[in-house]
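As you go down the protein sequences, you meet chains A and B in turn. Residue numbers for the first sequence follow the numbering used here, beginning at 148 and rising by one. Residue numbers for the second sequence follow the numbering used here, beginning at 32 and rising by one.
Simulated from the structure, these hints should not be mistaken for lab results. Quick reminder that beta carbons are idealized off the backbone N, C-alpha and C, glycines included. It is possible that some hints are incorrect.
Said to hold, decoys possible - Counterexamples of contact, computed for chain B against chain A with all Cβ distances above 12 Å: (1) PRO43; (2) ALA67; (3) ALA71; (4) ASP102; (5) LEU108; (6) ARG127.
Unchecked claim - Which residues of chain B face chain A? A few of them, derived with a C-beta cut under 8 Å, are: (7) ILE45; (8) GLN50; (9) GLU126.
As the list claims (entries may be wrong) - If you want the footprint, here are the derived chain A segments under chain B, 3+ residues with CB under 8 Å: (10) 302 to 314; (11) 319 to 325.
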Amino acid sequence: MARSALTGSRIRERRALSGVKQADLARLVGISASYLNLIEHNRRKIGEGMLRRIAEALGVDVAVLAEGAEAALLDGLRDAAAGEGGVVGPERPELERIEEFVGRFPGWAGLLVAQHGRVGLLGRTVEALSDRMAHDPYLSSSLHEVLSAVTSVRSTATILTDTEDIEPEWRARFQRNLHQDAERLAKGAEALVAYLDGAAVEEGTLAAPQEEVEAWLDARGWHVPQLEAAAVKVAAAVEEGLGATSASARRIAERVFTRYAEDARRLPMPAFRAAAAAGKGDPARLAQLFGVDLAMVLRRFAAVPDARVGLVICDGAGALTLRRAVEGFAVPRFGAACPLWPLYQALSRPMVPVRAVVEMAGRVPTRHLVYAICQPVGAVGFDAPPVLEATMLIVPDAAAAVGVVQPVGPTCRICPRVECQARREPSILTEEF
Amino acid sequence: MGKHVLLIEDEPNIIEAIQFILSRDGWRVSTHTDGADAAAVVRQMAPDVVVLDVMLPGRSGFEILQELRGDAATRTLPILMLTAKSQGRDREMAERYGASQFMTKPFANTEILASVRALGGF
């Protein structure tokens, strides 16, 4: 039977579990206690006959002692050693003593494997973001912080695992450093995720014209008094509000403001708020009451002063054309959103209203009641495909528990839901984040 | 007394780790954390090898390297540059300003030890 150098460790473990003293077991199998001690510490190899006698004395199958569960740990350590780039010379990992290392220091071996895995994960994170790093000072600075912490973790972990005779005060100091760096990594990761979510975007880091318009609306709580007035001059409002931005941003603003002004004309805010407060908060009933389409009502909810709601609008291809984030519901700055959002269910069923309770993934998952509708934009004709647009209103509601709760995420790249049928690409996050 | 290495780096935990690795290898290790007066500290201490981080408070590692290479007393001093950025631009600048070697974070302990030994003539 194949045996690894860890057979001794398993004998010691089994003996301790059975409550048998070392001296008693040694006497039972006919060897000295000191020799058994050497076997148990993997310092002496053990023959077939002796292994059988010990197994009988402990009342276990020989295989239990001969084959261990340390294979994964050994593989992980070999992986870590290979990751050092085939280092040669006196400092290379002593692969020929790997089983002895696992046997004598299983805790340290486990820590080394875990740290190696974490360094690998962070390396992949850095790789995934490197294309943006050169153009983004905030990201560059955050990644520098993460890389510095990773460097320290890697060096410190290697010292702790490679230095057997490390002095207690140095060991304590390095353990404290590891803890500090783990905290730094956690904070760095949180900052990066917040940044990617768009929850902590500052105007100085805005990258796209659409973001410029959304930031301007964000700064005003998505309520624009000059567009609520009866006689609105959209061009003047754009010039006054976003005159200093790019031409593309001004064009987007013109489209958004024109629609806002029309919404305000059809659904004057005082009347809308009064109807909503009078118990007719159901968007469908409000649409009926005012004789307007459902999407307009959803947009109007987002324009109520101090409203704590989110709003997302996408075109027929699923691209987000307007995003108002709300606490607890992360909206991606770049790329496509989560395909499980009810927004996309609505997109696949034009003119069918969708209401759902969703739970957004995150450190603390949050529930929201959402309303969505997909409608054609502009006039429809016989010889051209309709231009569709879906709108979704997001209302934070921790107590919402109507029917099935749909788990959703922000976007695959930063979503921690590992087992998800809708996943289109791997996440840069893990459960540890 | 072993050879003398001066470590100019501002991350305290990285300093402790590198200091430990090099000290156990027999090096006398001095440390400095501020970029502003780092060049003056190098001249004053006259170490055998300098390990110089690029991102320092007060002054960048590249500026310090440039000043040291412009001074006859430190023109050939072995200097290992450390950076958290792996882009070609940083490597290019390190080579242009005369770094003896360049290393990207995160590095393996064995790599930094091997580099310092090689620069120290071991």
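Hint numbers not upheld by this structure, sorted from lowest to highest: 1, 8 and 9
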